[in-house]
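**Student:** What follows is the residue order along each chain.
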Amino acid sequence: MNKSYLQEDLLRMSGVNPRKCMQCGKCSATCPAYDEMEYHPHQFVSMVKNGDIEPLMKSQSLYRCLTCFACVERCPRSVEPAKLVEAVRLAVIRQQGANRMTANDIPALLDEDTPQQLLVSAFRKYTK
Amino acid sequence: MQRIGVFVCWCGSNIAGTVDVKAVAEALKAEPGVVFSTDYQYMCSQAGQDMIKESVREHKLTGIVICSCSPRMHEATFRKTAAAAGLNPYMVEIANIREQCSWVHKEMPIGTEKAIILGKAAVAKVNLNTPLTPGESPVTKRALVIGGGIAGIQTALDIADAGFPVDIVEKKPTIGGKMAQLDKTFPTLDCAACILTPKMVDVAQHEKIRIFSYSEVSEVKGFVGNFDVTIKKHARYVKEDVCTGCGACVEKCPMKKVPNEFNLGMDNRPAIYIPFAQAVPKVATIDPNACNMLKNGKCGLCARVCTAGAIDYKQQDEYIQEKYGAIVVATGFNPISMDKFDEFAYNQSKDVITSLEFERLTNAAGPTAGKLLRPSDGKHPHTIVFVQCVGSRCDSCAQKGKEYCSKICCMYTAKHAMLTRDKYPDTEVYVFYIDVRTPGKSFDEFYRRAVEEYDVHYIKGMVGKVTPQGDKLKVQASDLLSNKQLHIDADLVVLAAAIEPDKSARPLATMLTASMDTNDFFTEAHPKLRPVESPTAGVFLSGTCQGPKDIPETVSQAGAAASKVIGLLAKDKLKGNPCVAHSNEQMCNGCSSCERVCPYGAITYEDKEFRMPDRTTAIRRVAAVNPAVCQGCGACTVACPSGAMDLRGFMNEQIMAEVDAICK
Numbered sequence: 001m002n003k004s005y006l007q008e009d010l011l012r013m014s015g016v017n018p019r020k021c022m023q024c025g026k027c028s029a030t031c032p033a034y035d036e037m038e039y040h041p042h043q044f045v046s047m048v049k050n051g052d053i054e055p056l057m058k059s060q061s062l063y064r065c066l067t068c069f070a071c072v073e074r075c076p077r078s079v080e081p082a083k084l085v086e087a088v089r090l091a092v093i094r095q096q097g098a099n100r101m102t103a104n105d106i107p108a109l110l111d112e113d114t115p116q117q118l119l120v121s122a123f124r125k126y127t128k
Numbered sequence: 129m130q131r132i133g134v135f136v137c138w139c140g141s142n143i144a145g146t147v148d149v150k151a152v153a154e155a156l157k158a159e160p161g162v163v164f165s166t167d168y169q170y171m172c173s174q175a176g177q178d179m180i181k182e183s184v185r186e187h188k189l190t191g192i193v194i195c196s197c198s199p200r201m202h203e204a205t206f207r208k209t210a211a212a213a214g215l216n217p218y219m220v221e222i223a224n225i226r227e228q229c230s231w232v233h234k235e236m237p238i239g240t241e242k243a244i245i246l247g248k249a250a251v252a253k254v255n256l257n258t259p260l261t262p263g264e265s266p267v268t269k270r271a272l273v274i275g276g277g278i279a280g281i282q283t284a285l286d287i288a289d290a291g292f293p294v295d296i297v298e299k300k301p302t303i304g305g306k307m308a309q310l311d312k313t314f315p316t317l318d319c320a321a322c323i324l325t326p327k328m329v330d331v332a333q334h335e336k337i338r339i340f341s342y343s344e345v346s347e348v349k350g351f352v353g354n355f356d357v358t359i360k361k362h363a364r365y366v367k368e369d370v371c372t373g374c375g376a377c378v379e380k381c382p383m384k385k386v387p388n389e390f391n392l393g394m395d396n397r398p399a400i401y402i403p404f405a406q407a408v409p410k411v412a413t414i415d416p417n418a419c420n421m422l423k424n425g426k427c428g429l430c431a432r433v434c435t436a437g438a439i440d441y442k443q444q445d446e447y448i449q450e451k452y453g454a455i456v457v458a459t460g461f462n463p464i465s466m467d468k469f470d471e472f473a474y475n476q477s478k479d480v481i482t483s484l485e486f487e488r489l490t491n492a493a494g495p496t497a498g499k500l501l502r503p504s505d506g507k508h509p510h511t512i513v514f515v516q517c518v519g520s521r522c523d524s525c526a527q528k529g530k531e532y533c534s535k536i537c538c539m540y541t542a543k544h545a546m547l548t549r550d551k552y553p554d555t556e557v558y559v560f561y562i563d564v565r566t567p568g569k570s571f572d573e574f575y576r577r578a579v580e581e582y583d584v585h586y587i588k589g590m591v592g593k594v595t596p597q598g599d600k601l602k603v604q605a606s607d608l609l610s611n612k613q614l615h616i617d618a619d620l621v622v623l624a625a626a627i628e629p630d631k632s633a634r635p636l637a638t639m640l641t642a643s644m645d646t647n648d649f650f651t652e653a654h655p656k657l658r659p660v661e662s663p664t665a666g667v668f669l670s671g672t673c674q675g676p677k678d679i680p681e682t683v684s685q686a687g688a689a690a691s692k693v694i695g696l697l698a699k700d701k702l703k704g705n706p707c708v709a710h711s712n713e714q715m716c717n718g719c720s721s722c723e724r725v726c727p728y729g730a731i732t733y734e735d736k737e738f739r740m741p742d743r744t745t746a747i748r749r750v751a752a753v754n755p756a757v758c759q760g761c762g763a764c765t766v767a768c769p770s771g772a773m774d775l776r777g778f779m780n781e782q783i784m785a786e787v788d789a790i791c792k
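In order, the protein sequence lines correspond to chains S and C. If you're matching positions, the first sequence starts at 1 in this note's numbering and goes up one per residue. If you're matching positions, the second sequence starts at 129 in this note's numbering and goes up one per residue.
In case anyone wonders, no lab produced these hints; they're calculated from the structure. Glycine residues also receive a C-beta, built at the ideal position from the N, C-alpha and C atoms. Any given hint could turn out to be false.
[Stated by the list, open to error] Label-pair distances were calculated between CB atoms; the ranges are:
no. : chain 1 : residue 1 : chain 2 : residue 2 : range
1   : C       : N647      : S       : D35       : 57 to 67 Å
2   : C       : P553      : S       : E8        : 32 to 42 Å
3   : S       : G51       : C       : H615      : 49 to 59 Å
4   : S       : R94       : C       : H510      : 14 to 24 Å
5   : C       : D445      : S       : P32       : 50 to 60 Å
6   : C       : P387      : S       : C68       : 48 to 58 Å
[Stated by the list, open to error] For lysine to any residue, the following SDA-like pairs were computed, each having C-alpha atoms within a straight-line distance of at most 25 Å:
no. : chain 1 : residue 1 : chain 2 : residue 2
7   : C       : K588      : S       : F69
8   : C       : K699      : C       : T646
9   : S       : K83       : S       : Q23
10  : C       : K588      : S       : Q116
11  : C       : K588      : S       : R124
[Claimed, not checked] Covered, in the sense of this in silico footprint (three residues per stretch, anywhere, with C-beta under 8 Å from a C-beta of chain C), are these stretches of chain S:
no. : stretch
12  : 24-32
13  : 69-77
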């Protein structure tokens with residue numbers, strides 16, 4: 001896929017305008033999964049802005065984001081980094097083809113240690 | 129028929145570079161009424177003006193069209209030239225062929241064509257121009273300053289020193305404002321009280337200044353030079369002229385548990401109080417919400433201990449009427465509420481404080497007598513985290529905080545950090561910043577000193593959250609330059625809260641019909657060239673009511689506002705703008721549409737007797753415009769459904785003639 005087309009697609013999917021970002025880093029400061037991530041929320045914003053999207057698509061960081069939306073809640077500029085992370089994730093899934101999750105898959109995944117929030121997010125992520 | 133002269137200016141190459149000025153002068157010669165047309169390199173120069181005067185005499189001109197820059201630039205210049213040549217200054221029209229023509233077009237033929245069209249429109253208008261004479265109104269030689277902070281104090285002193293009487297209205301029991309609460313002032317670190325309190329005393333002792341403390345403006349009527357103002361003086365239950373400020377009542381008052389607003393609620397004061405030792409006027413005030421005597425008639429101790437007999441539990445609010453020629457707004461600012469910023473735990477922990485609270489904590493007259501102690505346990509904090517831009521520079525959709533930069537936070541945080549390290553070298557000080565903005569004389573040097581000499585840890589990044597845990601505050605933050613997430617166990621967190629205009633500003637603006645921006649800062653008449661005047665004539669702006677600014681800037685602006693006021697009060701009569709609205713009483717149907725849209729309150733209605741066609745008389749309600757108040761904005765002429773309202777100098781007929789000339 002063409003780089004600029006991919007960038008445009010990501011921005012359209014997420015509704016995020018990365019140019020609004022003032023690089024204050026509050027998203028990364030608030031991120032509970034920070035230590036698990038190779039690329040941190042503020043880097044997602046600046047890398048998508050610069051069209052540097054390939055490394056993000058290959059990174060495990062995509063799956064470490066808990067979609068807790070703390071970054072969205074705290075961002076003083078309303079940039080909404082989590083939506084961008086999710087858009088990149090979606091772009092990867094679309095490239096992979098139809099590996100979608102259905103409601104039937106959920107009971108098998110339930111166990112006591114798994115937070116329900118995780119299943120809800122997983123369902124959101126993999127049904128699009 | 130007019131005899132019109134057309135003068136086309138080259139403005140060096142500014143106009144002549146894109147407009148064929150000779151062709152414009154030639155084309156306009158053929159327009160109706162034009163008897164003379166020429167071009168010149170710099171029409172505004174002395175030689176250019178002399179040429180205009182000469183031509184007026186030689187060709188007996190009755191009207192002038194100048195094709196040049198924007199009328200904002202030189203309309204006044206050319207009106208003076210016309211007056212010097214014996215013409216009515218309002219017989220001059222400017223065709224703007226620079227800003228609206230040569231500067232926006234690149235090709236000569238297009239630029240020239242447009243310049244000719246603009247010139248034709250101006251000629252068509254001058255053909256219908258009539259000589260106008262500005263009206264006159266007297267000036268009350270007294271100024272009102274609303275707000276008694278450093279801005280109001282400086283403005284009042286400057287006006288009073290010029291010999292005009294000034295009244296200061298301050299809603300708190302004392303003047304002094306925010307500056308009185310500060311400890312030291314950047315960048316020279318002189319103590320705020322040491323430089324402010326002498327000025328407060330000057331105000332109190334100045335024979336031309338009256339202070340209305342614990343008072344507010346409740347009504348404003350009138351117009352420039354002739355404002356009628358009602359001041360509401362709240363009952364303070366103490367006779368101001370009798371009280372000596374000895375403080376015996378304050379000491380004896382049994383109700384001692386009222387949060388002290390001067391120390392931002394970090395300690396308590398009695399129900400009868402003097403805000404601080406250097407208060408002006410130094411007079412006690414009874415808080416009616418806390419005083420037992422006022423609430424249920426049980427106590428009266430202060431009256432018994434007052435040897436001067438100043439206590440008066442029956443005192444009532446008093447209304448004072450006064451006339452003023454000019455009004456200065458100096459209503460100041462407040463830090464925003466931290467309620468919407470849960471992530472910083474301001475409401476959860478006493479040890480998360482705002483910068484203004486930090487000022488009180490380090491002030492020798494503050495709740496800790498100047499020792500930096502934690503509000504929760506009174507222990508000395510060893511790790512302090514300062515967070516910048518809390519609520520400043522927020523996106524408008526974020527629904528919390530302000531879009532603008534509060535301007536003063538970078539400098540006062542550097543000051544706090546530096547002074548802390550200076551006084552308590554065993555303290556680790558972190559400052560989390562997005563950008564450090566220190567433009568200003570000796571400002572950046574000051575900030576660098578905090579970093580280089582005082583080893584304050586400046587970290588680029590924002591704090592994400594603060595969690596109170598035991599007696600520590602867990603701070604989680606970004607360090608963007610080393611690409612790390614930091615976890616700091618802090619003892620004290622200081623938030624540089626954004627500043628916003630005082631809440632009293634909005635209702636005041638409504639009373640003054642002065643305009644405000646979306647953030648409730650007062651708007652200037654021109655952001656660059658008239659920064660201390662409100663668009664409403666006779667209303668001036670001083671200090672942070674106009675936008676965030678520090679003390680040096682506030683004092684400069686206060687002086688500038690004073691000089692504008694002095695310029696106004698020095699006049700015996702005010703010449704108005706003759707381009708004002710007037711109503712054709714025969715056509716007016718008294719519908720009030722114009723009154724509703726008038727932003728200046730210039731339109732009133734009166735019942736007038738008219739002779740009807742059948743020789744009877746009838747009383748009809750018709751609009752009347754006060755020419756001294758009208759600013760000539762033209763809103764009423766558009767709103768009027770019957771076409772009765774018209775604007776002198778911009779009559780509907782003239783505007784239509786311009787449009788016709790353009791469309792021809």
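**Student:** Now tell me if each hint is right for this structure.
**Tutor:** Now for the hints, and whether the structure bears them out:
no.: 1; hint: C:N647 with S:D35: 57 to 67 Å; verdict: violated (39 Å)
no.: 2; hint: C:P553 with S:E8: 32 to 42 Å; verdict: violated (54 Å)
no.: 3; hint: S:G51 with C:H615: 49 to 59 Å; verdict: violated (33 Å)
no.: 4; hint: S:R94 with C:H510: 14 to 24 Å; verdict: violated (53 Å)
no.: 5; hint: C:D445 with S:P32: 50 to 60 Å; verdict: holds (55 Å)
no.: 6; hint: C:P387 with S:C68: 48 to 58 Å; verdict: violated (37 Å)
no.: 7; hint: C:K588 with S:F69; verdict: holds (23 Å)
no.: 8; hint: C:K699 with C:T646; verdict: violated (35 Å)
no.: 9; hint: S:K83 with S:Q23; verdict: holds (17 Å)
no.: 10; hint: C:K588 with S:Q116; verdict: violated (36 Å)
no.: 11; hint: C:K588 with S:R124; verdict: violated (34 Å)
no.: 12; hint: 24-32; verdict: holds (count 8)
no.: 13; hint: 69-77; verdict: holds (count 5)
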